[in-house]
Amino acid sequence: MKLLKGDYYDNMGIGDIRTKVLDGERLSFEDGVRLFDCPEPLAVGALAHQVRTRMHGDKAFYVINQHVNYTNVCVNGCVFCAYQREEGQEGGFVLSVDDAIAKIDSAALTPREVHIVGGCHPKLRLSYFEELMSAVKTKLPNVVLKCFTAVEIAHFAKLEETTSKDVLTRLNKAGLDMLPGGGAEIFEPKVREQICPRKSTAEEWLTIHEEAHSLGMKTNATMLFGHIESREDRIDHLIRLRESQNRGGGYTCFIPLPFLTENSQLDIEKPLTGLEELRTIAISRLMLDNIPHIKAYWVMLGVKQAQAALKFGADDFDGTVVEEKIGHEAGATSEQGMTRVELEEMIKGCGCTPVERDGFFNEV
Amino acid sequence: MTLEAIYSKVLNGERIDFKEALTLYNEADFHDLGHLAHQVRLAKHPDPIVTYVVDRNINYSNVCVCCCKFCAFYCEPDQEGGYVLTYEEIGEKIQETLDVGGTQILMQGGHHPDLPLTWYEEMLRYIKANYEVHIHAFSPPEVVFWSEMEGIPVTEVIERLHKAGLDSIPGGGAEILVDEVRSEVAPNKCPAGQWLGVMEEAHQQGLRTTATMMFGHKETVEQRLEHLFAVRESQDRTGGYTAFIPWTFQPDHTELPDCRKLTSTEYLRMLAVSRIVLDNVDNVQVSWVTMGPKIAQLALYFGGNDFGSTMLEENVVKAAGVAFRLSREEINRLVEDAGFIPKRRSMNYTILEDR
Numbered sequence: 001m002k003l004l005k006g007d008y009y010d011n012m013g014i015g016d017i018r019t020k021v022l023d024g025e026r027l028s029f030e031d032g033v034r035l036f037d038c039p040e041p042l043a044v045g046a047l048a049h050q051v052r053t054r055m056h057g058d059k060a061f062y063v064i065n066q067h068v069n070y071t072n073v074c075v076n077g078c079v080f081c082a083y084q085r086e087e088g089q090e091g092g093f094v095l096s097v098d099d100a101i102a103k104i105d106s107a108a109l110t111p112r113e114v115h116i117v118g119g120c121h122p123k124l125r126l127s128y129f130e131e132l133m134s135a136v137k138t139k140l141p142n143v144v145l146k147c148f149t150a151v152e153i154a155h156f157a158k159l160e161e162t163t164s165k166d167v168l169t170r171l172n173k174a175g176l177d178m179l180p181g182g183g184a185e186i187f188e189p190k191v192r193e194q195i196c197p198r199k200s201t202a203e204e205w206l207t208i209h210e211e212a213h214s215l216g217m218k219t220n221a222t223m224l225f226g227h228i229e230s231r232e233d234r235i236d237h238l239i240r241l242r243e244s245q246n247r248g249g250g251y252t253c254f255i256p257l258p259f260l261t262e263n264s265q266l267d268i269e270k271p272l273t274g275l276e277e278l279r280t281i282a283i284s285r286l287m288l289d290n291i292p293h294i295k296a297y298w299v300m301l302g303v304k305q306a307q308a309a310l311k312f313g314a315d316d317f318d319g320t321v322v323e324e325k326i327g328h329e330a331g332a333t334s335e336q337g338m339t340r341v342e343l344e345e346m347i348k349g350c351g352c353t354p355v356e357r358d359g360f361f362n363e364v
Numbered sequence: 001m002t003l004e005a006i007y008s009k010v011l012n013g014e015r016i017d018f019k020e021a022l023t024l025y026n027e028a029d030f031h032d033l034g035h036l037a038h039q040v041r042l043a044k045h046p047d048p049i050v051t052y053v054v055d056r057n058i059n060y061s062n063v064c065v066c067c068c069k070f071c072a073f074y075c076e077p078d079q080e081g082g083y084v085l086t087y088e089e090i091g092e093k094i095q096e097t098l099d100v101g102g103t104q105i106l107m108q109g110g111h112h113p114d115l116p117l118t119w120y121e122e123m124l125r126y127i128k129a130n131y132e133v134h135i136h137a138f139s140p141p142e143v144v145f146w147s148e149m150e151g152i153p154v155t156e157v158i159e160r161l162h163k164a165g166l167d168s169i170p171g172g173g174a175e176i177l178v179d180e181v182r183s184e185v186a187p188n189k190c191p192a193g194q195w196l197g198v199m200e201e202a203h204q205q206g207l208r209t210t211a212t213m214m215f216g217h218k219e220t221v222e223q224r225l226e227h228l229f230a231v232r233e234s235q236d237r238t239g240g241y242t243a244f245i246p247w248t249f250q251p252d253h254t255e256l257p258d259c260r261k262l263t264s265t266e267y268l269r270m271l272a273v274s275r276i277v278l279d280n281v282d283n284v285q286v287s288w289v290t291m292g293p294k295i296a297q298l299a300l301y302f303g304g305n306d307f308g309s310t311m312l313e314e315n316v317v318k319a320a321g322v323a324f325r326l327s328r329e330e331i332n333r334l335v336e337d338a339g340f341i342p343k344r345r346s347m348n349y350t351i352l353e354d355r
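Which chain is which? The protein sequence lines are A and B, in order. Numbering of the first sequence is given in this note's numbering, commencing with residue 1 and proceeding in unit increments. Numbering of the second sequence is given in this note's numbering, commencing with residue 1 and proceeding in unit increments.
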């Protein structure tokens, strides 16, 4: 028995959107705007929860994973980043392949997914990354290697004076399975110009993901929100992703990332509040009708908010993580890692069934 | 009774019983439960106003003989780190509070074995003689402790404190008002009946109080509901409770470190059920101190109508590993962003004009 029925959504002014959602009809840009304007965030959350439940029941996924950040040296200098160092600057580091393997070795649980990303280092050559891929695969033959954002791939291509497709092909051969979703930020060009002028454009980002899809690789996609972008820019971002997915179909999971203001150079007049985060996550679920999973990334959301996000359209709780640097340097106050027991108990505490997955979201 | 029948009962403003409350907690859909609690809130407070008080917690002493297992704040009498603030130190903290527009102080401390009741009376008189501030202080376990220490009845303790300047009593030390749970987590604190007895006596003497519930340690869901019904019955007898404040136990640095931290969704369900069950308590506070500002905002759609206080200083929850800080401006912004109008209030929930 549901208390929230058609008349409730009618009163909230989104009755017709609910009908579309229940009929499996695609939502328009205007629908997205109206969902942001809906007076009660709970209405948007409840609708997204219905979609999430239709797709995944009460399952909430998690993965035994590990993050490795190979360098913080980066030529891009995005204004929102608290992690980046210039080459030669104090605090800059580069992991050797052996260092990276040692980090993976030291994890309490053998990871099923290894997430490796780093800055766009001016000197690290593709051979280093190929070596890194095959070293991890030698160590852990069954692991899903989810590494390098599209921005890094574009950077490698530039350094090697070759195409991004060639870079992807070579890394894929060396063991790369999947691209993470980072570097998407906000696709809208004017915003992108202001926050990350030296980074790949939206078109480049989307092209690289579609190239990866054409090679049979899966990828994720992110959106960094709550800085200088408008709500319309967020909807635009979601629609561009939805269209890209129509072309290739290789996106597995969408990860909405709230912008953390603490340690960034960007001065945000009105930082995000919790309900706007939840509403954005819910609208992502509703707009992205062709991407299977929405992540409640606890590192950036905070654990309690990530739990609530499982009721606002998200179905994935990410994983053990072990050592996260980028979000924490930006001011994230969450733990560095979680245990399997903690993850499972948390998911159960939210009334969901914990399901362990691999990097591709296959249940294990 | 079916969920549907319980929903109609609540929406018709009828009182629900224990079994119905349990069904709601266990079976209602998350969003439905929030919506139902929000309807109850809107029936009581039709205006989209969310109140808060500008105050400061002052913990005059951390020396305590209770040794509650859930507490990370106390020091035993001979232990290093124990302190007692002087009246002057307390006065300075009050002045700082008044300087930023504060109207109230919340004072609580340990059960100090060597401080006589006169120390507290003099403290109250000192404050009232020097500052214009509402004193919201102590808790039933402290009152019972002094009554035993001084060998005088609870009635007299309250009378003396009231006369010395006490304005109202916060609802602390309620934990879970079920003796089976209390004897496990707070064996040296007064039993549930005495807790309620102190509050009802205070109400008889014209003092208003709040009531809290600390959940997520050794109690069952049924025992949380027993707590709610005990408060509801007590309120039926006196009508003296202004607000109910449920919050979750924070296990870090306590003697109950193995307790699973409750999830935000469990907190929100319990908050919603509290709003629905306590049909005779006007206000329900959200707990940003334990849940953080993000969940506190969402809690405004799960039955909460009050954002608590600015807590310019908070020591007890911080000792258990959680330290959120919010300024008045931030509270205003959080409340506005959630779609409500923030208003400053006094302890008895009178709305104060902005200044």
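If you're looking for bench data, these hints aren't it; they were derived computationally from the structure. Keep in mind the model is a prediction, meaning the values are calculated, not measured. Be aware that one or more of the hints could be misleading.
Derived pair list, reagent style DSSO-like, types lysine-lysine, alpha-carbon separation capped at 27 Å [to be verified]: (1) B:Lys93 <-> A:Lys325; (2) A:Lys270 <-> B:Lys69; (3) A:Lys165 <-> A:Lys123; (4) A:Lys2 <-> A:Lys20; (5) B:Lys93 <-> B:Lys9; (6) A:Lys218 <-> A:Lys59; (7) A:Lys2 <-> B:Lys19; (8) A:Lys270 <-> A:Lys218; (9) A:Lys2 <-> B:Lys343; (10) A:Lys5 <-> B:Lys9; (11) A:Lys2 <-> A:Lys59; (12) A:Lys5 <-> A:Lys59; (13) A:Lys158 <-> A:Lys137; (14) B:Lys218 <-> A:Lys348; (15) B:Lys163 <-> B:Lys318; (16) B:Lys19 <-> A:Lys5; (17) B:Lys44 <-> A:Lys348; (18) A:Lys59 <-> A:Lys103; (19) A:Lys173 <-> A:Lys190; (20) A:Lys5 <-> B:Lys44; (21) A:Lys137 <-> A:Lys20; (22) B:Lys69 <-> A:Lys348; (23) A:Lys123 <-> A:Lys173; (24) B:Lys19 <-> B:Lys163; (25) B:Lys218 <-> B:Lys69; (26) A:Lys103 <-> A:Lys173; (27) A:Lys165 <-> A:Lys218; (28) A:Lys270 <-> A:Lys348; (29) A:Lys103 <-> A:Lys137; (30) B:Lys19 <-> B:Lys9; (31) A:Lys103 <-> A:Lys20; (32) A:Lys137 <-> A:Lys165; (33) A:Lys2 <-> B:Lys44.
Taking CB as the label site, the calculated pair distances span [to be verified]: (34) A:Pro197 <-> B:Asn26: 46 to 56 Å; (35) B:Pro187 <-> A:Asp98: 50 to 60 Å; (36) A:Gly57 <-> B:Glu222: 26 to 36 Å; (37) B:Glu4 <-> A:Gly57: 34 to 44 Å.
C-beta atoms are modelled at their ideal positions from N, C-alpha and C, and glycine is treated no differently.
For each hint, the structure was consulted:
1. B:Lys93 <-> A:Lys325: violated, 39 Å
2. A:Lys270 <-> B:Lys69: At roughly 41 Å apart (the allowed maximum being 27 Å), Lys69 (chain B) and Lys270 (chain A) break the hint.
3. A:Lys165 <-> A:Lys123: Between Lys165 (chain A) and Lys123 (chain A) the Cα gap is close to 20 Å, so the pair holds against 27 Å.
4. A:Lys2 <-> A:Lys20: holds, 19 Å
5. B:Lys93 <-> B:Lys9: Status violated; Cα separation ~48 Å.
6. A:Lys218 <-> A:Lys59: holds, 22 Å
7. A:Lys2 <-> B:Lys19: Roughly 20 Å between the alpha carbons, so the hint for Lys2 (chain A) and Lys19 (chain B) holds.
8. A:Lys270 <-> A:Lys218: Since the Cα atoms of Lys270 (chain A) and Lys218 (chain A) sit roughly 36 Å apart, the hinted pair is violated (cutoff 27 Å).
9. A:Lys2 <-> B:Lys343: Roughly 34 Å between the alpha carbons, so the hint for Lys2 (chain A) and Lys343 (chain B) is violated.
10. A:Lys5 <-> B:Lys9: holds, 18 Å
11. A:Lys2 <-> A:Lys59: Given that 27 Å is the threshold and the Cα spacing comes to 20 Å, the pair holds.
12. A:Lys5 <-> A:Lys59: It holds: about 23 Å lies between the C-alpha atoms, which stays within 27 Å.
13. A:Lys158 <-> A:Lys137: holds, 26 Å
14. B:Lys218 <-> A:Lys348: holds, 18 Å
15. B:Lys163 <-> B:Lys318: violated, 33 Å
16. B:Lys19 <-> A:Lys5: Holds, because 25 Å separates the two Cα atoms, which is no more than 27 Å.
17. B:Lys44 <-> A:Lys348: Distance ~33 Å between Lys44 (chain B) and Lys348 (chain A) Cα, so the pair is violated.
18. A:Lys59 <-> A:Lys103: Given pair Lys59 (chain A), Lys103 (chain A) is violated - Cα atoms ~31 Å apart, limit 27 Å.
19. A:Lys173 <-> A:Lys190: violated, 37 Å
20. A:Lys5 <-> B:Lys44: Measuring from Cα to Cα gives roughly 23 Å; hence the hint holds.
21. A:Lys137 <-> A:Lys20: Answer violated: Lys137 (chain A) to Lys20 (chain A) is near 45 Å, above 27 Å.
22. B:Lys69 <-> A:Lys348: holds, 26 Å
23. A:Lys123 <-> A:Lys173: holds, 22 Å
24. B:Lys19 <-> B:Lys163: violated, 43 Å
25. B:Lys218 <-> B:Lys69: holds, 11 Å
26. A:Lys103 <-> A:Lys173: holds, 23 Å
27. A:Lys165 <-> A:Lys218: holds, 14 Å
28. A:Lys270 <-> A:Lys348: violated, 34 Å
29. A:Lys103 <-> A:Lys137: Status holds; Cα separation ~14 Å.
30. B:Lys19 <-> B:Lys9: Roughly 13 Å between the alpha carbons, so the hint for Lys19 (chain B) and Lys9 (chain B) holds.
31. A:Lys103 <-> A:Lys20: violated, 48 Å
32. A:Lys137 <-> A:Lys165: The given pair, whose Cα atoms are some 21 Å apart, holds under the 27 Å limit.
33. A:Lys2 <-> B:Lys44: holds, 24 Å
34. A:Pro197 <-> B:Asn26: 46 to 56 Å: holds, 54 Å
35. B:Pro187 <-> A:Asp98: 50 to 60 Å: Check passed, 55 Å falls within 50 to 60 Å.
36. A:Gly57 <-> B:Glu222: 26 to 36 Å: For Gly57 (chain A) and Glu222 (chain B) the Cβ distance comes to about 28 Å; the hint holds.
37. B:Glu4 <-> A:Gly57: 34 to 44 Å: The hint (34 to 44 Å, Cβ to Cβ) is violated, given that Glu4 (chain B) and Gly57 (chain A) are roughly 23 Å apart.
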